[in-house]
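Heads up: the sequence shown runs through residues 1311 to 1451, numbered per our numbering.
Don't read these hints as lab results, they were simulated from the structure. Hints are supplied without guarantee of correctness; some may be wrong.
[To be verified] Restraint ranges, calculated between C-beta atoms of paired labels, are given here:
1. V1320 <-> A1431: 15 to 23 Å
2. P1366 <-> D1419: 48 to 56 Å
3. V1320 <-> D1425: 24 to 32 Å
4. P1366 <-> D1425: 42 to 50 Å
5. L1391 <-> Q1430: 17 to 25 Å
6. T1350 <-> A1312: 13 to 21 Å
7. A1431 <-> Q1384: 34 to 42 Å
8. A1324 <-> L1352: 23 to 31 Å
9. D1419 <-> H1316: 43 to 51 Å
Even for Gly, the Cβ is constructed at its ideal location relative to N, Cα and C.
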Amino acid sequence: MAMTIHVDIVSAEASIYSGLAEFVVVPAEMGELGIYPRHTPLLTRIKPGSVRIKSPDKAEEDLIYVSGGILEVQPGVVTILSDTALRGADLDEARVLEAKRQAEEAMKDRTSSMDYARAQAELAEAVAQLAAIQKLRKIKH
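Sequences and hints are given; from them, build the entire structure.
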């Protein structure tokens, strides 16, 4: 049997994922970070994007969208804390495309730097969600 590490992904609302994994790939600020069993302890921020989890009992990887947050790696345990975390299958492409369109319009019609910064953050989140949807399609096909 392959070595495994326990993975917990928690959003502000609920626990999204808890289980064993052969490896996890996380969108860290410095790029994608691969975590395998016996990884050195680590605490870092993550950016919006897809977390890929390879479970030992599945051929396909699980895909979970996170809106950013904190990654903690301890011996035998990976914990991801995120304001928003959604299973890839729960992402609604039509809603994400509408949010992207609204953010782009808000950036064009800005009235203050605060509005522009918020619109920029919303646009980045929508783009990351669309990328997660595209990755999920590739995994399924």
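For each hint, the structure was consulted:
1. V1320 <-> A1431: 15 to 23 Å: Since the Cβ atoms of V1320 and A1431 sit about 21 Å apart, the hinted range of 15 to 23 Å holds.
2. P1366 <-> D1419: 48 to 56 Å: holds, 50 Å
3. V1320 <-> D1425: 24 to 32 Å: holds, 31 Å
4. P1366 <-> D1425: 42 to 50 Å: holds, 47 Å
5. L1391 <-> Q1430: 17 to 25 Å: holds, 23 Å
6. T1350 <-> A1312: 13 to 21 Å: holds, 19 Å
7. A1431 <-> Q1384: 34 to 42 Å: For Q1384 against A1431, whose Cβ atoms are near 30 Å apart, the range 34 to 42 Å is violated.
8. A1324 <-> L1352: 23 to 31 Å: holds, 25 Å
9. D1419 <-> H1316: 43 to 51 Å: Holds: the Cβ-Cβ distance is about 47 Å, inside 43 to 51 Å.
Violation of the numbered hints given earlier is confined to hint 7; every other hint is satisfied by the structure.
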